[in-house]
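Make the full structure from the sequences, and use the hints.
Line by line, the protein sequences give chains A and B.
Letter 210 of the first sequence, counting from 1, is numbered 210 in my numbering, and no numbers are missing.
Letter 53 of the second sequence, counting from 1, is numbered 53 in my numbering, and no numbers are missing.
FYI, nobody ran anything at the bench for these hints, they're computed from the structure.
Warning: the hint list may mix true and false statements.
Stated by the list, open to error - Residues from chain A that face chain B, not an exhaustive set, calculated with beta carbons under 10 Å:
1. Glu18
2. Ile183
3. Gln185
4. Ile192
No experiment lies behind these values; they were computed from the predicted model shown.
In this text, a Cβ means the ideal position worked out from N, Cα and C, and glycines have one as well.
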Amino acid sequence: MRPVAVIGAGMTKFGRSEWPLLKLMNVASLAALNDANLGDVKVDGVVVANMGAARLNKQTAIASALVDRLNLFPAMAESVENGPASGASAFKVGYQAIASGMADVVLVTGVEMMRAVNNLEVTDFVASLSHPEAEYIYGVTLPGLAGMFARLYMERYGVTREHLAMVAIKNHANAMKNPYAHIHQTVTMEGILTAPEAVVNNPPIAEPLHMFDCCPVSDGAAAVVLATQEIAEKLGRQVVRVAGIGQATDTHAVHERPDPTELTAVRLAAQRAFSMASLTPQDIDVAELHDAFTILEIAESEEVGFFKKGEGHKALAEGVTSLGGKLPINPSGGLKAKGHPVGATGVAQLVELTWQLRGEAGERQVENAKNAFACNFGGFGNNVVATVLTREG
Amino acid sequence: MANVDELEALLRPPELEMPPYPPKVITLASGEKMVVRQLDREEVPILLEAIYPLLWVERDYYDIVSARLFGELLAYKRYRVKNEYVLVGLIDGLLAGMVNGHMVDEKVGMSYHTLTIRRGLRVGSHLFAAKMEYHMDFLNQEEVLIVAESPIGFRRWMIEYPLQKKYEVPHELGGGPSWVLNKETYLAAKPRLVSGSRPVSTQLLTGAQTIVLPEEEKIVAQVLGGKGGDK
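What follows is the structure, encoded as structure tokens:
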């Protein structure tokens, strides 16, 4: 297979968009294309990640629409829907097209416009990824699944609400340094946990998870331009090589797993990505994990191999995962504070890591980052895509 | 009519005795301390200045809430509403939000509006709770009549407390029929929704004496929140 590089990256500010879906997608795509500075080199493939445009925005076939708006004819184009892992799945499709020789340059764009509907409808929309007969029909939502997961995890591994709050505090602080983040608001342990007012400030959503344990509902788009490494070198760009991609699946219904605290698909996807990259978790300098709920950052940090099972919260408490720590996790603010427009999230993680590897992450730059890792978590861990990026040279 | 003063006396509604709202301090999620205190009539103009740029913000019904609140504040300043009061939330003196209401009679209160400038920290929720606290714990009223003009308000008041329907009683704001917070509902909701501590330290109170406004652009930006258009 041919080596593939990320040669352009861009995104919109996450949050609540005044723009329609297609404009969001266009703006992020143009930012990535401008960054790639392709000159005469043509884009011959477009892959768009999206989960809910058909339902939330009454818009289908958005990859074709993007080609039209950007005048990228006759590039091949397709949309990828893989729940919250759509972004990294689309990235994988783009990678495969180039690695296999079907294309030389592919634009991968993730987009979601979730705030077009009210909170109840958007919660129902996301819950539609759960098992229809075993979960959804009983009113189970993603916060509900995460709450049950967190309760079991806390009981088994000694994670406390204080540890969960540490994830939120860290990621909100990181997001303050990210102009593209949805939430620009620091939070403190006193304000969200220990003060008497925390009862009001941070109400329960799905015990033991409270409001500041959950990601916001966001609009946003992110895009990367992939190309053969040969083209990347010809264009004179700092080469960020796609070193490894792994994907794995698990049971649709969480209760069918032998141990619901084991995120098997996360572990397998990460192992496959590391194997392909010929790297280990210990080689990683910076990571973006799918912290839709604070407990997931802790759990994923263990499953992907950064820490032993049951020790992720200890590393967190010791500052290992903070900016300036040995392994900064979610320097972008993560889903928790950067925001989580579901179809865009997996691409946005890779945009952040590209900037980190190129040394362009501003105040949140991880010093001398060479290897980066992303985990894009679909369903409630039933379809996970892991990606390893490496800076060449 | 003998003179202007006599006419003015007739135009002013008769007032009931109204003990003041004792200030309190609330620790927000950010760790910042928000002082909640009652507004003096002389301070109304600065609130009008804060509200003015929001008259044209359609999002989350800020336009209608601001327009009505603007009128209610003028009515308060010039004594045209019976027993009206205004509470403000101030962080280091900076205006974070405001609420108002009035006493219909000794037993019944009426909530008017809640307007948050600093969003994302449940400032509106805290201030609305302070308003209910005023009616129930300090004015010793039996119930408060409430309507919501926005879906956010409906979720925060009608669902979160939860309030009870009292459709047979009209609300002065018109629109949707009245809902009511009674003593029983208030006491049940109080532990999870009413917070803050008293007395407020002299230092914090001094810092909250003079209301400082965020810049007009910041007021609108805070209210509008993150947009896709600025990056």
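Against the structure, the hints come out as follows:
Taking 10 Å as the C-beta contact cut-off toward chain B, the hint placing A:Glu18 at the interface holds, the least distance being around 5 Å. Taken as an interface hint, A:Ile183 checks out: its beta carbon lies about 7 Å from the nearest beta carbon of chain B, inside 10 Å. This hint holds: A:Gln185 has a C-beta 5 Å from the nearest C-beta of chain B, less than the 10 Å allowed. Satisfaction of the interface hint for A:Ile192 is found here, the shortest Cβ-Cβ separation to chain B being roughly 5 Å, below the 10 Å cut-off.
Of the numbered hints given earlier, the model fails none.
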